[in-house]
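Sequences listed follow chains A and B, in order. Numbered by the working numbering, the letters in the first sequence go through residues 1103 to 1583 in order. Numbered by the working numbering, the letters in the second sequence go through residues 1103 to 1583 in order.
Read the hints as simulated data drawn from the structure, not as lab findings. Some hints could be false.
[Stated by the list, open to error] Pairwise CB distance ranges (calculated):
1) B:GLN1140 to A:ASP1390: 53 to 63 Å
2) B:ARG1129 to A:PRO1418: 33 to 43 Å
3) B:HIS1364 to A:GLU1383: 34 to 44 Å
4) A:SER1451 to B:GLN1131: 47 to 57 Å
5) B:GLY1445 to A:LYS1412: 54 to 64 Å
6) A:GLU1383 to B:HIS1362: 50 to 60 Å
7) B:HIS1364 to A:ASN1315: 37 to 47 Å
For glycine and all other residues, C-beta sits at the position ideal for the given N, C-alpha and C.
Number of protein chains: 2
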Amino acid sequence: VPSTTTTLKNKLVYGFKGKQPFLVLVRIQDLTPEKADQLVWVRARIHTSRAKGKQCFLVLRHQQFNVQALVAVGDRASKQMVKFAANINKESIVDVEGVVRKVDQKIESCTQQDVELHIEKIFVISLAEPRLPLQLEDAVRPDGAGDEEGRATVNQDTRLDNRVIDLRTTTSQAVFRLQSGICHLFRDTLIKKGFVEIQTPKIISAASEGGANVFTVSYFKTSAYLAQSPQLYKQMCICADFEKVFCIGPVFRAEDSNTHRHLTEFVGLDIEMAFNYHYHEVVDQIADTMVQIFKGLRDNFTTEIETVNKQYPSEPFKFLEPTLRLEYKEGVAMLREAGIEMGDEEDLSTPNEKLLGRLVKEKYDTDFYILDKYPLAVRPFYTMPDPSNAKYSNSYDMFMRGEEILSGAQRIHDPDLLTERAIHHNIDLEKIKAYIDSFRYGAPPHAGGGIGLERVTMLYLGLHNVRQTSMFPRDPKRLTP
Amino acid sequence: VPSTTTTLKNKLVYGFKGKQPFLVLVRIQDLTPEKADQLVWVRARIHTSRAKGKQCFLVLRHQQFNVQALVAVGDRASKQMVKFAANINKESIVDVEGVVRKVDQKIESCTQQDVELHIEKIFVISLAEPRLPLQLEDAVRPDGAGDEEGRATVNQDTRLDNRVIDLRTTTSQAVFRLQSGICHLFRDTLIKKGFVEIQTPKIISAASEGGANVFTVSYFKTSAYLAQSPQLYKQMCICADFEKVFCIGPVFRAEDSNTHRHLTEFVGLDIEMAFNYHYHEVVDQIADTMVQIFKGLRDNFTTEIETVNKQYPSEPFKFLEPTLRLEYKEGVAMLREAGIEMGDEEDLSTPNEKLLGRLVKEKYDTDFYILDKYPLAVRPFYTMPDPSNAKYSNSYDMFMRGEEILSGAQRIHDPDLLTERAIHHNIDLEKIKAYIDSFRYGAPPHAGGGIGLERVTMLYLGLHNVRQTSMFPRDPKRLTP
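One chain only, chain A, in its complex shape (with noise of 0.2 Å):
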């Protein structure tokens, strides 16, 4: 460690002239030829640094933006100015002041491609252990360019068990600020067609859902679970008379499911909403308020895609207005097209969704779309049985890509026929009780669905893994970081 290292608590150079502070940080995306010949102040990580003879070649990052940096034994550093430089290691944040220089040709390896800095002050806010344990340089690169050129890319578990550092690639900030806008443009798509923020309890004294793949907490001296889903506390909330509702939240699966696309915990955006002629009327809503968040991404996040399609090259995300609605008769009617034997009330498998999923997109030229009206048989017993026909039911997927994004339903509020249906499900009423009698008192029709964030952000950016959109992922195997 270099003597003259010092951190921000006990660093003279920080302090106030009155309201002023003594030096003032400039941002790397703001070093332009506007600022050259300036002397300024940057705050950055050291992202690559390299010294030869007397100088000093240094990479500045900070976020997604990079500047080239230069230390030179002259009259402004020393040899030892030199040498703590280029014995700072990597990641170190560090403020340096410098000079702004234009150059005459074009820093192509740096975002800031038109000046570099000459630094005459530098001084190390946080040092960096000496070794990575993973390169930023081969967390971006494209998978299969460290096979062919010898280089090295970094393998998921090594990315997710030091995801401080991999989080600090242009590919993870850019995924996950376009991540912070789907929630953005799903809250404020809800808010101005008038809905209501609600916020449930996720220690339930009930497993919802029969009880299976749930997790037990210990809770004093009883236990409790984990919720599955916020469904009950969104209906309650109908029934309470709150008319359109949504939350964001955590959602807990104790599913033994390895695969690329499930969670233990992932994040759940949910819609819960009265209708008064048709359940279509929700239908509607949830279509579009995913349009509004697949508009609002292509025109607000171009340079967030453009940023992960470098290192996960994909095809544009194609969405039509309105949104595609097949009913699930008619997927049925493509995949037997296509050669694929199923029944009439047979539920998809996961391949027969992503090859109906490649049926719809060359025959509509759409990612997106709606599957309506499956088969009553396959969906869970508050379903509400289609009226005009009793094999299919008022229920719909969402599919993004040919994958499964929400799952929703109008849901029956009559305590007679849930009775009915969940004893026809060989449901233990005793369970289910407090459900049953949430619709004792008044219940609206009402329909809804619940959407899988961390799906919604893979698909869009045509990712291949949830743990890839997820900063934190828990499943069967991992409960760290």
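Please arrange chain B on chain A, whose structure you already have, making use of the hints.
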């Protein structure tokens, strides 16, 4: 149950002519004198019902709006229909067709005071049970009013046990619409300030602060814990260069505290931010976020505030801009002046916090202030000591009406100092290894804090129990509904 009762699923009257619904429902708040003499359809609950000879007077309610309606034997209604209407249980949802009529004398008891509805058709959409566990009129009566006039009020457990009905009151509707507004204002303000929303895991592998007060979850073949705070994850995001982050999510505390302000599960509004020069940059941002919330509520939720005040009178919430910031020792001096004996490094008791709130209100005329620079001894191990006085720390609480709503601090970002402080606090280093290791690859100086949503709603409205501002509260004795 009247035999003509019908439910939506088999009612023919609801259909579409092309894209237009066969009938159009008008909302109760839109029943104004401009609609006089028009025939309209309305969907509403039966709020009250009173038969009188050949007439039946109903009050129809939708959310916080209600209107008087009348079924009278004559050209458009039979004796049987009047009887049918009179027999519909309160809280049932009905569709009625009727003519809007101007009234000569204002109907003081309804929100629509200038019109009444002369009903010609009535359909029951969803029938309520004949006996309600609580009456809505009782549930909105101010405390104490019941005793004087011999009319009932509803106790808290009855309300919470029957939350679906209690949430229908004008007071509950107002409380939770305002709470939705707090979340929206919080996020909107932070997104405008350049913050990124993050999602942090709730199931964690190690108890963050030493293991006290934490719920245990069975996790496949091992066990895990419920996060007591998203702090570690927020800090990891700062170390991963997101710079300014926020999250809204459940926070779990296995404390056996049965007070007016403790819940075992509450909603945390959390902020974390890297700063350049001084942790007050962060304090100022948090305080300004609160001020934007207060302003937004004052300006956009007037009706909701008035509605709640009718049942629970309170003084309007006062705040200063910029927010008052006192040092802890100034607070102690004020308390001593008021006769309280306490040591310099002693923590504030709850009664002393309240007293200090009153003293601050008297002196500065504000219900919101920041108490800064707490004694180091009373804060957690990760709190940054004050570099100019080792007895104090760079930490702060924020108060509304004398109760704490936020606790925050500059966090130690240097792994060696963090280790030293953990040892000082007798914390098992092995248990917090992952936490300390997060800072080993370069960490910017940062600070943050967590706000309890239910407390903010309660204290802004001048309510007295956090269970009034949690839709489905969880405490050591309550896990349902």
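So, going through the hints one by one against the coordinates:
| no. | hint | in the structure |
| --- | --- | --- |
| 1 | B:GLN1140 to A:ASP1390: 53 to 63 Å | violated (30 Å) |
| 2 | B:ARG1129 to A:PRO1418: 33 to 43 Å | holds (41 Å) |
| 3 | B:HIS1364 to A:GLU1383: 34 to 44 Å | holds (41 Å) |
| 4 | A:SER1451 to B:GLN1131: 47 to 57 Å | holds (49 Å) |
| 5 | B:GLY1445 to A:LYS1412: 54 to 64 Å | holds (59 Å) |
| 6 | A:GLU1383 to B:HIS1362: 50 to 60 Å | violated (41 Å) |
| 7 | B:HIS1364 to A:ASN1315: 37 to 47 Å | violated (31 Å) |
Consistency note: the structure conflicts with the earlier hints numbered 1, 6 and 7.
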